[in-house]
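Sequences listed follow chains A and B, in order.
Numbering follows my numbering, with no gaps: position 77 of the first sequence is 75.
Numbering follows my numbering, with no gaps: position 24 of the second sequence is 175.
Read the hints as simulated data drawn from the structure, not as lab findings.
Glycine included, every Cβ here is placed at the ideal spot set by N, Cα and C.
Accuracy of the hints is not assured; some may be wrong.
Below 25 Å or equal to it, Euclidean Cα-Cα: the simulated DMTMM-like pairs (lysine to aspartate or glutamate) are [unchecked claim]:
(1) B/K181 x A/D22
(2) B/K181 x A/D436
(3) B/K545 x B/D611
(4) B/K181 x A/E364
Simulated coverage check for chain A against chain B, where a stretch passes if three residues somewhere in it have a Cβ under 8 Å from a Cβ of chain B [to be verified]:
(5) 18 to 28
(6) 181 to 195
(7) 200 to 206
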Amino acid sequence: MPYGPHTADDRERMLAALGLTSVDQLFDDIPVALRASHLDLPDPEPELELAARLRALAARNRTDLASFLGAGVYRHWSPPAVDQMLLRGEWYTAYTPYQPEISQGTLQSIYEYESLLAELVDLDVVSASHYDGAAATAEAALMTCRATRRERVLISRGVHPHYRETTTTYFEGGLELDEIPLIVDGDAAGTTDLAALERMLAEPGRPVAGVIAAQPDFLGLLEPMPEIGRLAHAAGALFVAVVEPVSLAVLEPPGAYGADIAAGEGQPLGIAPQYGGPYLGILATTDALVRQIPGRLVGLTSDLDGRRAFVMTMRAREQDIRRDKAASNICTNQALLALAASIYLATIGPHGLRDVAALGASRATELEAALAAVGAGRLHPGPYLNEFAVRVPDARSVHRRLLDAGVLAGLVLADAEPGDPTLSDGLLVCATEVTTSDEIARFATALGAILAAPVAGAAR
Amino acid sequence: MSVTGERLQPTLFELSRPGRGGGKIPHPPKDALDRIPAGARRTMPPALPEMNEPDVVRHYVNLSQLNYSVDSGFYPLGSCTMKFNPKLNEWAARLRGFAELHPMAPDETAQGTLQLLWELERALAEISGMPAVTLQPAAGAQGELTGVLMIRAHHRARGEGHRDEVLVPDSSHGTNPATASMAGYRTITIPSAPDGGVDLEAFRAALGPRTAAVMITNPSTLGLFEARIGELLEAVHAAGALAYMDGANLNAILGRFKPGEAGFDVMHFNVHKTFSTPHGGGGPGAGPVGVGAALIPYLPEPRVLREDDGSFRLERQGERPTSIGRMRSFVGNTGVLVRAYAYIRAHGGSGLREVSDDAVLAANYLKHRLAEAYDIPYDRACKHEFVASAATIKHRTGVRTLDIAKRLIDYGYHPPTIYFPLIVEEGMLIEPTETESVDTIDAFADALIAIAAEASARPDLVTGAPHTAPVRRLDEATAARQPNLRWRPMSGVETPCPD
Chain A
-1 MPYGPHTADD RERMLAALGL TSVDQLFDDI PVALRASHLD LPDPEPELEL AARLRALAAR
59 NRTDLASFLG AGVYRHWSPP AVDQMLLRGE WYTAYTPYQP EISQGTLQSI YEYESLLAEL
119 VDLDVVSASH YDGAAATAEA ALMTCRATRR ERVLISRGVH PHYRETTTTY FEGGLELDEI
179 PLIVDGDAAG TTDLAALERM LAEPGRPVAG VIAAQPDFLG LLEPMPEIGR LAHAAGALFV
239 AVVEPVSLAV LEPPGAYGAD IAAGEGQPLG IAPQYGGPYL GILATTDALV RQIPGRLVGL
299 TSDLDGRRAF VMTMRAREQD IRRDKAASNI CTNQALLALA ASIYLATIGP HGLRDVAALG
359 ASRATELEAA LAAVGAGRLH PGPYLNEFAV RVPDARSVHR RLLDAGVLAG LVLADAEPGD
419 PTLSDGLLVC ATEVTTSDEI ARFATALGAI LAAPVAGAAR
Chain B
152 MSVTGERLQP TLFELSRPGR GGGKIPHPPK DALDRIPAGA RRTMPPALPE MNEPDVVRHY
212 VNLSQLNYSV DSGFYPLGSC TMKFNPKLNE WAARLRGFAE LHPMAPDETA QGTLQLLWEL
272 ERALAEISGM PAVTLQPAAG AQGELTGVLM IRAHHRARGE GHRDEVLVPD SSHGTNPATA
332 SMAGYRTITI PSAPDGGVDL EAFRAALGPR TAAVMITNPS TLGLFEARIG ELLEAVHAAG
392 ALAYMDGANL NAILGRFKPG EAGFDVMHFN VHKTFSTPHG GGGPGAGPVG VGAALIPYLP
452 EPRVLREDDG SFRLERQGER PTSIGRMRSF VGNTGVLVRA YAYIRAHGGS GLREVSDDAV
512 LAANYLKHRL AEAYDIPYDR ACKHEFVASA ATIKHRTGVR TLDIAKRLID YGYHPPTIYF
572 PLIVEEGMLI EPTETESVDT IDAFADALIA IAAEASARPD LVTGAPHTAP VRRLDEATAA
632 RQPNLRWRPM SGVETPCPD
């Protein structure tokens, strides 16, 4: 066994102490009829060979492309300090700080994470983190139901489709989720339809617990968050803002426009894409709703000598204490990813974060112009930050041909939102501070060539 | 509350000095944000700390040194399986091809990861004896919810949506009843029998036409294999209900017991326990779920599929309408799953069986050593962990399990899990794992035995512990009564955002 310490003598010594001759005797309590004989798996692999296997698998993935794919997960520069700190065993081989006297590192780091994110979202309380943006959004939706004792939530179709689907799954337990449509045309196309929202809020006998909208929305567009919040509050509902944390360096934060809860994906804060996770679910709320927030919270306190220290607190909301009455079944958090986000924010600093957001916006402007010049104009006219949709006929096939040119041309919207005919010709593309002018030129040139030869495209 | 006393390490906010930092990101053009409408733009900047990299690094190195970890010493935290986290796995997860792959990248650009995930699914299917596995759930608790929602979909599809109860033993993890509630079920708690197993008569009496599922942890949270498991499963199925296995303790029975073959309908894996993925100070994990044939139609989307030509792809949205849907964004915690895959490959089938053999042997040996000083409430062969109790010590000396746990810190150990499961008086759940040597286990046993003696001879030494930790016991009551959950920057200096 590769990591085991026992010699044959060690095993015999332990067995002898127990008065046994074989370890099999310790499994005598498994009913004979239900015993398994062996595992039909490959033989153990020495580290050298396993490393080669893993390297070969990793090499089969194509990460050499000029990528314009965002759609909820963004490439950013993560200072090497972040991962080098994360690799200290004191962080990643510890567990939940059940013994605060020997876990002050983890506890203070979570308290600092809560504080840093509270600054970003401008709300009072941030949980120690959830699984990802989707689960955090679903938990936010459940919070609104608990807090208002109502059972219906409205979610904008501008929220990431995975978040909407996840919330739908979480509502299987008996709650109701309705989607607010997006405006189809005009200056506000692609953003939440406020008139429809108003109608849905006013439906008799169907009181709404919460209204959920994203800033920027899934299509990259800026939503009228203050108006959505006002409509929600006027109907006695809570307002949930789904946010992208880097954008909060330059966009108005949820606390400033009256959101009661903020949820979001923390991956952009220095965390690698990793094909889906582990990521970081951000969940924040106001002091008024603190008893409703699920998941761990770390607070400041003192020890017997009056020394400042940190501790998990308000545990009466949690599953190991409250069991079936708990606010959620969540057990742990994403501590290591919360740590990564904190180190990222501390290293990059407030001015650096603003530069990340603004430089991404600037690169996106450059991308918009380059694509428009080859005939791929925007699908929606409204303002965006660093992600937008362009109109490309036969988008799926063009997207595939661009791969051959070494370009990952964003997301085929028809795949992500198959039910929406207004998006069937759309590619969702983004730029960040790591996007180069050279990559933009490659994309535009290759796309121009494909669009100029439509017959070849149709043949694929 | 606010605290003015001595501090171990200043917060980032206290270390911040206006003007520090920079040099990471090129400055954007001045007009970069001009196209953002004024109403959407932030007016007051977030009061984030301004630091230079050396100070950040020192801050986090200093903080890390306040932690106890598996890499620093013995961490017998029962139920949590604090085994060694192989360094190869950290290296592998950071390979560029794995780390930089976007979760919505086209399938043809993700063949390496898709193959790895598919092979991992097959390995977990073999280990669990279940025909199919989903890797999507982000953690064990989310795996539980996934499983129970599939059970719900199964009953509904059969016109048995009236089943609204989930049976849970009183020794279960808190996540089981919390999960049942989230899925809209009522929890019925089943008492344990004197031998630590589920009370079969009470169990049969609670089963009925309203029972949707039974959630059983096997081996149980007492570290005991559920010897009546055959009868339990038979009764569950006779009642038309399904059996969920909480796989938190699978690390004890690898290659010895396959839940699917034994009759369980669904189970989750905790890869941070069984397959050594790092606990990360409280996460991330991953909670794959294995299902029997009846639940395959309901697996969350997307599944990883292998095509006839040997290529791999993700299921498309809506491709399988019977699915319960998504549990989270994207395919799953792939970075964690890469580590689990490496662990399984390194051990192979024979090595995984040895993992369980050694974990069980070590636990029984340690239990045997402690019997001279502590109560062993369930004195039969345990699996990977066992419960010891300080009930007798408490009655004799007034020293509690909490005190003993804190005193262990002075001896250089992380304490075991205490007061769980809830059904044992003054319990401590001890799990040595298979990666600790006999010398370590002996030294730990000596320490616990010495503390038992101290409880009689010098009880104040134990009740006042820890004496050598960075801080002494904490005021948890005030922390909960007057919560201070975030730093409020003291400077009061707030300057508007530059235009």
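Numbered hints the structure breaks, given as an ascending list: Per hint list: 1, 6, 7 violated.
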